[in-house]
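For the protein sequence lines, the chains are A and B, in the order given.
Going letter by letter, the first sequence gives residues 1 to 159 in this note's numbering.
Going letter by letter, the second sequence gives residues 160 to 547 in this note's numbering.
No lab work stands behind these hints: they were computed from the structure.
Among the hints, erroneous ones may be present.
Stated by the list, open to error - Calculated cross-link-like contacts (lysine to any residue; reagent style SDA-like; alpha-carbon spacing at most 20 Å):
| hint | chain 1 | residue 1 | chain 2 | residue 2 |
| --- | --- | --- | --- | --- |
| 1 | A | Lys14 | B | Phe309 |
| 2 | B | Lys349 | A | Asn20 |
| 3 | A | Lys68 | B | Glu475 |
| 4 | A | Lys46 | B | Lys185 |
| 5 | A | Lys68 | B | Arg331 |
| 6 | A | Lys84 | B | Ser459 |
| 7 | A | Lys14 | B | Gly329 |
| 8 | B | Lys166 | B | Lys395 |
| 9 | A | Lys125 | B | Asp249 |
| 10 | B | Lys330 | A | Ser63 |
| 11 | A | Lys84 | B | Glu471 |
| 12 | B | Lys185 | B | Ile199 |
| 13 | B | Lys467 | A | Glu116 |
| 14 | B | Lys284 | A | Lys68 |
| 15 | B | Lys330 | A | His15 |
| 16 | A | Lys90 | B | Arg460 |
| 17 | A | Lys125 | B | Glu400 |
| 18 | B | Lys284 | A | Glu116 |
| 19 | B | Lys330 | A | Thr140 |
| 20 | A | Lys68 | A | Gln93 |
| 21 | A | Lys84 | B | Asn457 |
| 22 | B | Lys284 | A | Gly28 |
| 23 | B | Lys307 | A | Lys68 |
| 24 | A | Lys72 | B | Asn277 |
| 25 | A | Lys46 | B | Arg331 |
| 26 | A | Lys84 | B | Lys420 |
| 27 | A | Lys39 | A | Asn6 |
| 28 | B | Lys330 | A | Ser52 |
| 29 | A | Lys68 | B | Asn277 |
| 30 | B | Lys395 | A | Glu138 |
| 31 | A | Lys125 | B | Asn280 |
| 32 | A | Lys125 | B | Thr394 |
| 33 | A | Lys46 | B | Thr394 |
| 34 | A | Lys14 | B | Met308 |
| 35 | A | Lys14 | B | Thr305 |
As the list claims (entries may be wrong) - Incomplete in silico selection of chain B near chain A, CB under 8 Å:
| hint | residue |
| --- | --- |
| 36 | Lys269 |
| 37 | Asn277 |
| 38 | Gly332 |
| 39 | Pro372 |
| 40 | Ala474 |
Cβ coordinates follow ideal geometry from the N, Cα and C atoms, glycine included.
The chain contents come next:
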Amino acid sequence: MIQTKNLVKELVDKHGCSRNNLLPILQGVVADENYLTEKAMVEVAKALDLSSAEVYGTASFYSYLFTKPVGKNVIRVCKTISCKMSGKQKIVQAIEKLLKIKMGETTRDKQFTLIESNCLGWCHKGPVMLVNDDVYSEITPEKAIDIIRDLDPKHLTDF
Amino acid sequence: MGYKGLKKVDIIFDCANCEPLEVLKKALAMTPDQIIEQIISSGLRGRGGAGFPTGLKWKLAKAEKSDVKYVICNADEGEPGTFKDREILDVVPSKVLVGMAICAYAIGAKEGFVYLRNEYNFLLKDLNPLIEKFNKNIQNLGLDFTIKMFSGSGAYICGEESALFESMEGKRGEPRNKPPYPTKIGYNGKPTVINNVETLVYCTMIIRIGVEPFKKLGTSDSRGSKVFSISGDTTKAGIYELELGIGVDEFVKEFGNGDTKAVQIGGASGFCVPRKDFKNKIIGFEGVPTGGSMMIFNSSRSMYNVLKDYLEFFAEESCGQCTPCRVGTQQLLKGIEAIKRGEKPSSYLNQLLKLTETMKVASKCGLGQSVQNSFSSIVNNFREEMIY
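With these hints in hand, go ahead and build the complete structure from the sequences.
What follows is the structure in structure tokens.
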């Protein structure tokens, strides 16, 4: 847990300790630890002189600030109508089958979390998915599988 | 209403003879009042969807007496079916930054932010170094103004300007009561101009090409051109800059694939125009307004599924702060599902329509207020699809 403490200190030093910097600091924790642990939120609250309830309340408002454990790689498949029309469901099925998880779940080895997302802003090139910050547009079920295998080739050869 | 044929335009992405920094130099040779006067007389209205006159916004901010003022570029593009701001930031980002600098000079701001939605973080790789370089360049031109990036954290509502300020202040993205408007009390309680990405580029281009070439496009209520994000049942999906005021029938003739049943204009918070109305509706502030989202649906598509998709979206993205919106969006969704399953009579649709009326009057911000747009325009035009 000393790591979390140091990470928060580093982020607060970098961004500053006013409340205006809360989001960048929380984003920094998520970038490093995948999600916000209770410990991390308490540390941030202390550093910014806020109540930990305020920090949790703010974090839980935003869909990119996870307050529950997620995998190292977060796969977001766009579920807006234009992506549905271009075959989003087949992509989801292929990924679910490959990773042996259902929508919203995380693989047991904590490598991947699969979630749906509202419009990702690629409606002319659907279906589209975001893996962490990287966008993959006009994907097919085969392409989706390749993309995910590339991220974790060692592990996924078992499938 | 001035009806127009379809005309493609090339202002936003035009890079010929347009060194953005030269445009800034040109602006700095003018007085702030001259700049604001030009933007006002161009008739430019905000391109994010709401359509507030841009020049007036700048004028109001300039009139505020405050040592600290801000310019914010709203790049929290989240309306379903909209992707033009991403393209603009990817292809002509310097024009956006120059637009911000021109605004800063005009209103007297020293600090600016680009609020970028988290989904577009992949743009940061190019944007961060560009902004660093740009900040140095404008200092060299003698303008005391610095731009910083701010990444959102995934919330559609943060595209609403006051929710965006809350988010930048490290809070939940819950919209504030208005008035006061941002030009008086914005980010950190200071006078703030917040403009959409596309609006800022038009400001840059109006300074470069002059008011007249811009003004001669469009109609008296909707001057100029606009960037459209076109998707759905079309072979020409993509980004197009078109003159405002074009007829929906002209649009469908160009982009439809022969079997267009309806066009959703303005995304989930916009309006559905059915085939029978193509002829008498125009795209613009006096007709059907849009922030750019144009989704085309063919005969084979179920409009029930379209509406359900939008209602799921609203129910998820409602910030939950005010009851009409939080409860209303959920009840609308449950309501249409119950009718579809036959658990409620078709007349229940009338009650749901009344509920959207209440939401329009009682909701705090544009999200709850605009649910009625798509709900009533889909339900009234495709009633039988909702029931059977």
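Exercise. If any of the earlier hints don't hold here, list their numbers in rising order.
Key: As far as the earlier hints go, 4, 14, 18, 19, 20, 23, 33, 36, 39 and 40 are violated by this structure, in ascending order.
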